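In order, the protein sequences belong to chains E and F.
Going by the numbering used here, 591 is the number at position 288 of the first sequence; the sequence numbering is gapless.
Going by the numbering used here, 320 is the number at position 325 of the second sequence; the sequence numbering is gapless.
Worth flagging that the hints you see were computed from the coordinates, not collected in a lab.
These numbers were taken from a predicted model, which means no experiment stands behind them.
Beta carbons: idealized from backbone N, C-alpha and C, even for Gly.
Hints may contain errors.
To give an idea of the interface, some chain E residues facing chain F are shown, with a C-beta separation under 8 Å as derived from the structure [as the list claims (entries may be wrong)]:
#1 Pro637
#2 Trp654
#3 Ala655
So the chains spell out like this:
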Amino acid sequence: MSIDHAVKWGFAWNIGIFETWDVLGFDYVCDRMAAEGLEVPAIARALRDAGGASFYRHENGRTRYFDLASKAYKEVERNPNALFLIDLKRDNRTVRENAACSLVDLGDGILCAEFHTKMNTIDADLLDLLNTGTNLVNEGAFEGMIVANQGEHFSAGANLFMVLGYAMQNDWDALSNIIAAFQNANMAMRFCRGPVVAAPHHYTFGGGIEISQHTARVVAAAETYGGLVEAGVGIIPAGGGTKEMLRRALAYVPDSVPQGDPFPYVRRAFETIGMAKVSTSGHELVPLGYLTEHDCVCINDQHQVKRAKDVCRGLVLAGYAPPRPAKLAVLGEPVRAAFRSAVYQMQLAGWASEHDALIAEYLARTLTGGDRLPGQVMSEQDVLDLEREAMLYLCGTEKTRARMQYMLQTGKPLRN
Amino acid sequence: MQDVYVVSAVRTAVGKANKGSLVQCRPDEMAAVVIKEAIGRAGVPAGRVQDIVLGCAFPEGSQGMNIARVAQARAGIPDSVPGITINRFCSSGLEAQAIAGAKLEAGLLGVAVAGGVESMSSIPMGGLKYEPNPALTRERPEVYIAMGHCGDNVAREFKLRREELDAWALRSHQRAVNAIDQGLFTEEIVPLDVTTPAGSMRFDTDEGPRRDTSLEVLSRLKPAFAEPGRGFCTAGNSSQTSDGAAAVCLMNGKAVEEFGLKPLALFRGYAVAAGDPRFLGPAQLEAIPKACEQAGIAVSELGLIENNEAFASQCLYVIREMGFDPEKVNVNGGAIALGHPLGCTGAKLTVQLLHEMKRRGVTYGLVTMCIGGGMGAAGVFELCA
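With these hints in hand, go ahead and build the complete structure from the sequences.
Below you can see the structure in the form of structure tokens.
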């Protein structure tokens, strides 16, 4: 077991040598070694002599390993800082589940929404259970919820296949409804009576970031490669991500700041989304504006889920109350013009295409409040509506569809 | 109509913006030093100056609040001397002389100080807050394009090769280093006592020129304003961003006679032309002959030329189209090496030109530059015998 730990922690292997052996089949590997004239190692001979058929045994939610010294199975000691969803599910702690998501009881009044779609992309089933989880907290069945999983990636964002499908069929009602459903699920987490804590890790793209931004706190893995990358597939964040980037930018300059100018902060949001910037670490999510300095980064990914649970529990103990809905200042056409001028020059330089400029125009429109006048105030829902309008418009363009198709086929962004 | 004379001409050494010795030096302080020195060298009582006309390309923040008036107060010049700040971007320092000069010519003024100042460390290009007109960003976005695009446009449209641009850049540095080593700028520079993180120092040498640059180094630089293959202008063949101030004391004939002074030069003509805002250079081709016509001379009579090196592309284009002898242009290096403190440049180039004309005994000299927005300016000076 120590050797397995060493290669997993030291070399970032997904499973250890002896776990691999188990997966291949203990007897099969021993027989083949013998057949090929290799010496079967002492530990394997001892296991066989003891009548064992695998190095590890999983029973009743517990894991035991074969101990060479005592030639018997011993209970794996659980790291008090680590929490494994797979163990809890073996312990029948699953509260609800469907094809996309499971709600797991972590104990101490904290629920976990665990995604398990392909690349943990977001679809209607997933949103359904996310809403169920939020409702369970609102109803008092749980005191708080974490959104976490121990898959390879936290989430690659919205299910692009689904989005493109609706767009190609010109099924605008269905597309509009699924966008609204995502926005509503995120807003429900944001205003949930109990704290919701997200634990993004590895690939956290688009909708994965948007989910994280609608929680009370984020405990990001140090190894997080996250960003609102929607522009790469020809759209803008429409699950509340654009709204959150704007809300966070404006929050730097409250009314109490004399002559406060939110422009540079909104400009950062425009550039971050417009250039689809991706962090190279969990720490970098903060300077890019995706997370705030109140969020935290967890170095040891084995500790992340437990840590998220502890942060959630801490917020409960501190008497958590949801935030008040934001009132957002409209920056209007003057700021949009500054963005437009900058994008035009990027086009001249060959750094942006005509379609990039169109996407940027819709992004700018959303960030600056559409046709409203500077000085007016809008609600979070107003910005969500602008996001949705922009998304629907862009999904109707040939070049956005081409970008989506290319991404689905090659996994790479198309520059058109 | 009276003649307009330049009686004295001084400048600060030019600092590299954001990383040089003048980063901590306020523009109003620099301006105060050169204004005071110009008056002092002219030999007139400060109280007899009737106006201070100062050019500045981004007159806001520490360059705001009418910096000419602020500099007057900091220079200890009597409050009875007024001040005005004017802006025509990169020609501001020359335009300031033209505005003062026209009033001197008409007899509205007798003695004036004109000059320019820019701390690009303090106020970035584009100003503190960029707010373009929304209708223009939709209908004519080229009105607002950054100068780098214009520099690239000139190279592309008028077929200048990258190698030519880099060769000119190298020449600029070599000439500037040579001028510094020979002490050619010593007389015109007013030292500044400045505070830097390394301590207090006397700043009296232009810090832009590079001794160690080479064609090989310059040719390796990537285009600064566009994709490789699409752009021509690099950090190496474009002007440097800079901090600096310069001023001249101008008088009309009547005042020169009254004070019994021996002036340096006559300010003989000034013209501005304008065209397509996507280009830098073409407007200079119109402005230069106009200014020469005002001076009553042929372009071929110009013995010395300061043609601002906003970009090597624009500079070479103007030299080529005007048929200038390159040996008469930017003889002590240009803005690629010495820096381009926007609103100061027109005055700074005048200072450099007049001192070199005197040294060489050249009769007619020209200061010319391109100006953002598709404009170009030219001023003609005649050495006083």
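Cross-check of the supplied hints:
1. Evaluation of the Pro637 (chain E) hint against chain F yields a held restraint, the C-beta minimum of about 6 Å falling below 8 Å.
2. Given hint, Trp654 (chain E) at the interface with chain F, holds; its Cβ is 7 Å from that chain's nearest Cβ, closer than 8 Å.
3. With a cut of 8 Å, the hint placing Ala655 (chain E) at the interface with chain F is violated, because the nearest CB-to-CB distance is about 11 Å.
Going through the hint list in order, the structure does not satisfy hint 3, though it satisfies all others.
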